[in-house]
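*Asks:* Sequence:
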Amino acid sequence: MTIDTITTNASGVVLSTGSGYGNPVTVAPTVTLSAGGGYGIYVQAEWAIQNQGTIDGILFQGSNGFSDGTVINEGSIGASYFGIGIGEYGGASITLDNFGTISPSGDAVFLNDGGSVTNESGGVISGSTGMYIVGTSAGIINHGSIDGTAGAGVDLRATTNSIDNTGYIGGADIGVAEAGTSATLDNSGTIVGSGSEGVKLTAGQSLIHNTGYIGGATGVREGGANATLENAGTIHATGGMAAYLYATGSNRLIVDAGAAFTGFVKAKASTGGNTIELTSAASAGTISNLGYQYIGFGTITIDAGANWTVAGSITGFGGVTVEGFNNHDRLDLTDLNFSAGDTVSFDDGTNLLTIKNGGGSTLATIHLDDSADGHAFQLLDDGHGHTFVEETDYTPCYLKGTRIRMPRGDRAVETLRIGDMIATMGGEALPLKWIGRRSYRDWLAVGNEDAQPILFKAGSIADGIPARDLYVSPEHAMFVDGMLIPARYLVNGASIVKTRDLEEIDYFHLEFDRHAVIFAEGATAESFVDDDSRMLFHNAAEYRRLYPDESRRREVEFCAPRVEAGHALETVQRALAARALGLRSGRQGEALRLGYLDRATRSMVEGWALDHRAAAGDGPVRLAIVVNGAVVGQTLADRARADLKSSGLGDCGFSFVLPRQLSPELNHRIEVRRESDWTLLTGASVTLKPAETARAA
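First residue of the sequence shown: 82, per this note's numbering; consecutive thereafter.
Fair warning: there could be bad hints in the mix.
[As the list claims (entries may be wrong)] For lysine-lysine, the following DSSO-like pairs were computed, each having C-alpha atoms within a straight-line distance of at most 27 Å:
id	residue 1	residue 2
1	K481	K579
2	K437	K481
3	K579	K538
4	K347	K770
5	K538	K481
None of these hints come from the bench; they were simulated from the model.
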């Protein structure tokens, strides 16, 4: 029996549109195609094959001095052994571009002298081992499916190995295994090892960058001389160990905001250079259970511009150095109950952050690096009764033109002078001790979110409060419902908004002998508190000239509780958002896009959403329910709720049951967005972590 149809062109491309198995067939003077030995085509040449039909397998053999082979498969390749392989003598390197199916009873692709494989979208490579490559260099780009039915999905053992996966790679044992001198894996798809590891790298220098999903009994096991694992996706372990970094040199774990590890993350204890690096992103990030879930790391580095909360027990922070702790980063001491009488201080000489109780006894010490010199810190309730340590070089400032209340009337802040008497919420008047000034111009102002003020529109807090539009710096705390709440936490996009395009920003801060609440445009707001951040003001030297003998204070003392998280803050946010319904936008015809996510569980989400244009007949707001970046359903905010009616909001509630229950073993990010403009509802980005069942507002 012979191959049914073979056609060649001038470039040496074989087009096979038939199938066959049996006696050798000779085509052209120098090329032999053999159907013997379990292969439909047996090549001893530098040859290119394009398959559009069915072939019983392809074997490239380099024993006759020919080296390279190219296969473009648009059909089906199968065999009783290899689908595509190199003969026992080696010497041939394969370039494979697969659009079709390669599915033999043995290994799907076996390359004995290196090669490169591109598995296109829709392409299927399946065998006992999906792909096995040794030699000098091995490279795989996978947009389709690669499956190892009895062993690894992909096993690369060349000197240099690389995988770029956007599709699916699965193995009955290991999903992806890489060895050799260097190995890299870039995964934005799915990799699963059903028997052991999702990914196992033992190369000398290894790098994994994951934005997709990796799962196995152990998610990732990475060793060699130096190992780097960067995770922005999900790494899931069914056997408890999400990632184990055991390189003999340095182990570096890079965590992006939104990354999820279900299981322990451990670095080899005997290695000195074990580091967790927390990267910069558009949103703040969190890692939890330092010392319990994250084990064996001696350094935590927070990248410049990043905003992170690192949570753990007091002992979990023992022996760990935190680098780059600034930009309002937080350490959450989950076994230290918050007490308003506790204090925090930092020693520039020893780089020790020390927390003491009201009696002066030390409760905890944390080692920082030199970048913390000159910074100040504060203690906050983390919303669960435990203690946040926050870097707090905040500067509560009023924008030029803001009217400040004095005993006999209001005056613009820029006209005030040291010694002027200012009215306080307690009814007494205090003399101004110092007025700080700082300004931003042009590129330092436009688009600079740390510099651009927060606008509280007139009436946004209460009737006539503020009396006029009020502009304060993002960290300036407003006094609302007995709490000091930084302005940035009150932004709702409607009545309280971020400014972005001011080209000239002139700030003034007002300082007294103690922290106080004063009146700005009739709204209650804080004064400046001495936290060693006065160096941010252009006239900082003036203070030292005025008060040369004043002792240096490092503890931050507030006149009221400062709240930045928890149920109390969410209650204020909801009340201000509801109030915004009665306000009008500062721009003609702009909609007030209002709403809130009240509750999210693994089976349903609830909240409310309103657009003031609905009164004009636009109907209820249509919402998209998004889980881990994928839209899982749509709903309308048109349900009747008694609490919403009593607030004057009408029938604008929503309740959506998820199509299927979310796994309790995985992280899930739930978002609710308006379909019309993809705006995120206030508070409508919630991450459910393993063992959590809900977040109730």
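*Asks:* Hints first: check each against the structure and report whether it holds.
*Replies:* So, going through the hints one by one against the coordinates:
Pair hint K481 plus K579 holds up; C-alpha atoms about 17 Å apart against a cutoff of 27 Å. Distance check on the hinted pair: K437 and K481 sit about 39 Å apart at the alpha-carbon level, beyond 27 Å; violated. Between the alpha carbons of K579 and K538 the distance comes to roughly 11 Å, so the proposed pair stays at or under 27 Å and holds. The hinted pair formed by K347 and K770 meets the criterion: a straight-line CA distance of about 19 Å does not exceed 27 Å.
Taken as a hint, the K538 and K481 pair is honoured in the structure, with Cα atoms around 16 Å apart against an allowance of 27 Å.
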